[in-house]
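*Asks:* What follows is the residue order along each chain.
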Amino acid sequence: MGNDRPTADERGAMTAYHTEPPAALAALARQPGADECDICCEAIPGYVCGDLRQFDAAWLEEHTASCGYCRNELTGFRRLDHLLNEYESHRCEAVTAPPFRGRTREVAHYGTMDSPLGVLLIAVTDQGVCEIDFGRNQTLADFQDRMRERGFDLVPDQEAIRPVVEQLSEYFQGTRSTFDVSIDFSGLTPFARDVLQATAAVPFGGLATYSEIARRISNPGASRAVGNALGRNPIPIILPCHRIVPADRSIGNYTGGVDIKVTLLSLEGAVLPAGGRVS
Amino acid sequence: MFWRCGGNGAIGMVEGMSQTALQAAVRPSERTAELDVTSRPLCFDELLARYQNEIFRYSMQLTRNSTDADDLYQETMLKAYRAFDRLGPDSNYRAWLYRIATNTFLSQKRKDKRERPLDPVLDDHLAVTNPDQPASMDARDLLAEVEQFVQRLPEKQRVALILRKYHELDYASIAGTLNSSEEAARANVYEALRKLRTSFGDRL
Numbered sequence: 028m029g030n031d032r033p034t035a036d037e038r039g040a041m042t043a044y045h046t047e048p049p050a051a052l053a054a055l056a057r058q059p060g061a062d063e064c065d066i067c068c069e070a071i072p073g074y075v076c077g078d079l080r081q082f083d084a085a086w087l088e089e090h091t092a093s094c095g096y097c098r099n100e101l102t103g104f105r106r107l108d109h110l111l112n113e114y115e116s117h118r119c120e121a122v123t124a125p126p127f128r129g130r131t132r133e134v135a136h137y138g139t140m141d142s143p144l145g146v147l148l149i150a151v152t153d154q155g156v157c158e159i160d161f162g163r164n165q166t167l168a169d170f171q172d173r174m175r176e177r178g179f180d181l182v183p184d185q186e187a188i189r190p191v192v193e194q195l196s197e198y199f200q201g202t203r204s205t206f207d208v209s210i211d212f213s214g215l216t217p218f219a220r221d222v223l224q225a226t227a228a229v230p231f232g233g234l235a236t237y238s239e240i241a242r243r244i245s246n247p248g249a250s251r252a253v254g255n256a257l258g259r260n261p262i263p264i265i266l267p268c269h270r271i272v273p274a275d276r277s278i279g280n281y282t283g284g285v286d287i288k289v290t291l292l293s294l295e296g297a298v299l300p301a302g303g304r305v306s
Numbered sequence: 011m012f013w014r015c016g017g018n019g020a021i022g023m024v025e026g027m028s029q030t031a032l033q034a035a036v037r038p039s040e041r042t043a044e045l046d047v048t049s050r051p052l053c054f055d056e057l058l059a060r061y062q063n064e065i066f067r068y069s070m071q072l073t074r075n076s077t078d079a080d081d082l083y084q085e086t087m088l089k090a091y092r093a094f095d096r097l098g099p100d101s102n103y104r105a106w107l108y109r110i111a112t113n114t115f116l117s118q119k120r121k122d123k124r125e126r127p128l129d130p131v132l133d134d135h136l137a138v139t140n141p142d143q144p145a146s147m148d149a150r151d152l153l154a155e156v157e158q159f160v161q162r163l164p165e166k167q168r169v170a171l172i173l174r175k176y177h178e179l180d181y182a183s184i185a186g187t188l189n190s191s192e193e194a195a196r197a198n199v200y201e202a203l204r205k206l207r208t209s210f211g212d213r214l
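In order, the protein sequence lines correspond to chains G and C. The working numbering applies: residue 28 is where the first sequence begins, and numbers increase by one. The working numbering applies: residue 11 is where the second sequence begins, and numbers increase by one.
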């Protein structure tokens with residue numbers, strides 16, 4: 028295939044590459060039993076990515092000029108490359124990043140309470156409750172780590188969470204059906220906030236399906252995304268994600284453990300759909 | 011500094027891949043060039059201003075829906091924000107952000123095996139092309155298939171392809187991102203292209 032001896036230009040480039048041997052593909056093709064087309068096809072993806080060195084690219088171009096099969100392969104890869112460009116321009120036109128929300132560290136006051144569901148870990152900011160966690164699933168240290176990860180400076184302060192503790196206690200005693208503590212939605216994505224606000228509108232004792240919530244936030248195709256957002260609800264019980272169930276009449280999942288969902292729903296006297304089962 | 015074409019280095023990672031031709035023919039990594047254009051950002055705000063859009067775009071490409079993309083982007087930047095002061099002056103900040111985003115995405119994905127919904131972006135865009143023209147019909151079909159085929163790629167190959175194709179990261183950075191050798195990073199990109207090429211068969 029062509030002249031293997033480097034031209035003057037190539038020798039110049041060789042000097043630039045110091046000891047890099049030129050035309051590695053040509054050298055491979057000269058080896059006994061080597062098949063030029065195999066070597067060429069192996070190298071085409073690299074060629075299309077612009078990764079081949081000058082001599083190798085030249086070798087490949089020379090080979091494809093004289094070999095119909097490899098030229099065809101190369102054309103295929105070029106079209107694929109073109110298609111990938113076109114696909115991307117269809118998908119993401121102008122992409123502007125949303126504002127970065129994590130810069131400021133916020134103070135969160137936290138404490139614990141005993142409940143029929145075990146210990147609850149509760150944190151509040153100036154704006155309201157920002158986190159309720161089930162202590163049975165994690166240690167206090169896990170909770171602290173995660174909150175710090177999320178950008179909070181933690182201050183233990185049982186007094187700060189007292190209104191929340193009181194309302195939750197009343198709820199567990201069956202004397203409270205709505206919460207009126209303020210809630211800090213600031214750490215949530217706009218979508219998650221919409222989902223949780225729609226969820227909060229489902230009354231005590233009531234149920235809604237994931238697709239109903241998706242419809243209520245005017246995003247009917249998003250039931251799975253709704254499920255994901257609910258699975259990450261930072262303020263369970265008060266934002267009643269336990270009232271959201273699948274359309275197939277099963278009880279569905281619950282991040283804290285499905286038995287908690289059952290307990291909460293029976294406490295509220297919610298009637299599971301006929302034939303409803305606890306999975 | 012130059013990448014050498016040794017005969018005994020194993021590419022690894024990709025099955026059925028003969029090392030010879032590729033290893034011998036590819037250019038040395040262009041990492042020096044990249045460092046020259048990437049001066050150290052003076053503060054986190056500068057870093058953010060410089061790279062926020064491309065990192066968000068990358069998040070969109072990985073997650074393929076805007077909710078998860080926003081989560082991934084915020085988490086990536088939060089990690090970068092916390093670690094910014096600890097990064098040495100010679101670090102490649104851009105590659106570092108891609109690395110954080112990729113690791114965050116892959117570890118999240120491991121934890122959460124569920125399928126994620128897609129944004130209807132693609133459908134919307136594709137729907138505006140005129141369906142009466144057979145040619146554009148074809149183009150539409152092909153683009154919809156790109157989506158499918160790219161998603162079917164093994165995660166490392168998909169990530170490597172996106173980084174190389176759409177973000178023009180050098181292979182040293184892709185290798186750092188995937189925790190692999192540079193050869194494996196290359197092999198992942200090339201293998202992704204080969205798989206896609208095969209998927210389309212003779213329609214290309």
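These are calculated hints, taken from the structure and not from any lab test. Backbone N, C-alpha and C fix where the C-beta goes; we use that ideal spot for every residue, glycine too. Where hints are given, some of them may not hold.
[What the hints assert, rightly or not] With the Cβ distance kept under 8 angstroms, some of the chain G side facing chain C (calculated, not the full set):
1. GLY73
2. ALA85
3. ARG106
4. LEU107
5. LEU111
6. TYR114
7. GLU115
8. VAL122
9. THR123
10. PRO125
11. MET174
12. GLY232
13. LEU234
14. SER238
15. ALA252
[As the list claims (entries may be wrong)] Straight-line alpha carbon distances no greater than 16 angstroms define the calculated EDC-like cross-link-like pairs of lysine to aspartate or glutamate that follow:
16. C/LYS89 to C/GLU165
17. C/LYS89 to G/GLU113
18. C/LYS175 to C/GLU157
19. C/LYS205 to G/GLU176
20. C/LYS205 to C/GLU165
21. C/LYS119 to C/GLU155
22. C/LYS175 to C/GLU64
23. C/LYS205 to G/ASP108
24. C/LYS175 to G/GLU100
25. C/LYS119 to C/GLU64
26. C/LYS175 to C/ASP151
27. C/LYS175 to G/ASP108
28. C/LYS205 to C/GLU157
29. C/LYS175 to G/GLU113
30. C/LYS89 to G/GLU176
*Asks:* Each hint: holds or not?
*Replies:* Here is what the structure says about each hint:
With a cut of 8 angstroms, the hint placing G/GLY73 at the interface with chain C holds, because the nearest CB-to-CB distance is about 5 angstroms. Evaluation of the G/ALA85 hint against chain C yields a violated restraint, the C-beta minimum of about 11 angstroms exceeding 8 angstroms. The criterion of a C-beta within 8 angstroms of any C-beta in chain C is met by G/ARG106, whose closest approach is roughly 4 angstroms, and the hint holds. With its C-beta approaching chain C no nearer than about 5 angstroms, G/LEU107 sits inside the 8 angstroms limit, and its interface hint holds.
Interface hint at G/LEU111: satisfied, since its Cβ lies 6 angstroms from the closest Cβ of chain C, which is below the 8 angstroms cut-off. A hinted interface residue such as G/TYR114 counts as satisfied when its beta carbon comes closer than 8 angstroms to some beta carbon of chain C; here the least separation is about 4 angstroms, so the hint holds. A cut of 8 angstroms between beta carbons decides the hint on G/GLU115: the least distance to chain C is about 6 angstroms, and the hint holds. Here the hint on G/VAL122 is kept, as its CB sits about 4 angstroms from the closest CB of chain C, short of 8 angstroms.
Taking 8 angstroms as the C-beta contact cut-off toward chain C, the hint placing G/THR123 at the interface holds, the least distance being around 6 angstroms. With its C-beta approaching chain C no nearer than about 6 angstroms, G/PRO125 sits inside the 8 angstroms limit, and its interface hint holds. The closest approach between the C-beta of G/MET174 and any C-beta of chain C is roughly 13 angstroms, which is over the 8 angstroms cut-off, so the hint fails. Because the closest C-beta pair between G/GLY232 and chain C is about 29 angstroms apart, greater than 8 angstroms, the hint is violated.
Because the closest C-beta pair between G/LEU234 and chain C is about 22 angstroms apart, greater than 8 angstroms, the hint is violated. With a cut of 8 angstroms, the hint placing G/SER238 at the interface with chain C is violated, because the nearest CB-to-CB distance is about 12 angstroms. Restraint check, G/ALA252 versus chain C: the minimum CB separation of about 5 angstroms is within 8 angstroms; hint holds. With a C-alpha separation of about 22 angstroms, the suggested pair C/LYS89 and C/GLU165 falls outside the 16 angstroms cut-off, and the hint is violated.
Using a Cα cut-off of 16 angstroms, the hinted pair C/LYS89 and G/GLU113 is violated, with the two alpha carbons roughly 33 angstroms apart. Using a Cα cut-off of 16 angstroms, the hinted pair C/LYS175 and C/GLU157 holds, with the two alpha carbons roughly 15 angstroms apart. Of the pairs offered as hints, the one joining C/LYS205 and G/GLU176 is violated, with about 39 angstroms between alpha carbons and a cut-off of 16 angstroms exceeded. Annotation: proposed proximity of C/LYS205 to C/GLU165 holds, straight-line Cα distance about 13 angstroms (limit 16 angstroms).
Between the alpha carbons of C/LYS119 and C/GLU155 the distance comes to roughly 23 angstroms, so the proposed pair goes past 16 angstroms and is violated. Only pairs whose Cα atoms come within 16 angstroms are accepted, and C/LYS175 paired with C/GLU64 is accepted, the gap being roughly 13 angstroms. Simply put, C/LYS205 and G/ASP108 have alpha-carbon atoms about 13 angstroms apart, close enough for the 16 angstroms limit, and the pair holds. Restraint check for C/LYS175 and G/GLU100: the C-alpha separation of about 19 angstroms exceeds 16 angstroms, so the hint is violated.
With a CA separation close to 21 angstroms, the supplied pair C/LYS119 and C/GLU64 exceeds the 16 angstroms bound. Of the pairs offered as hints, the one joining C/LYS175 and C/ASP151 is violated, with about 21 angstroms between alpha carbons and a cut-off of 16 angstroms exceeded. Distance hint between C/LYS175 and G/ASP108 is fulfilled; the C-alpha atoms sit about 9 angstroms from each other, no more than 16 angstroms. Our distance criterion of 16 angstroms between C-alpha atoms is met by C/LYS205 and C/GLU157, whose separation comes to about 13 angstroms.
For a cut-off of 16 angstroms, the pair hint linking C/LYS175 to G/GLU113 stands: about 12 angstroms separates their Cα positions. Under the criterion of a C-alpha separation no larger than 16 angstroms, the hint pairing C/LYS89 with G/GLU176 is consistent with the structure, at around 8 angstroms.
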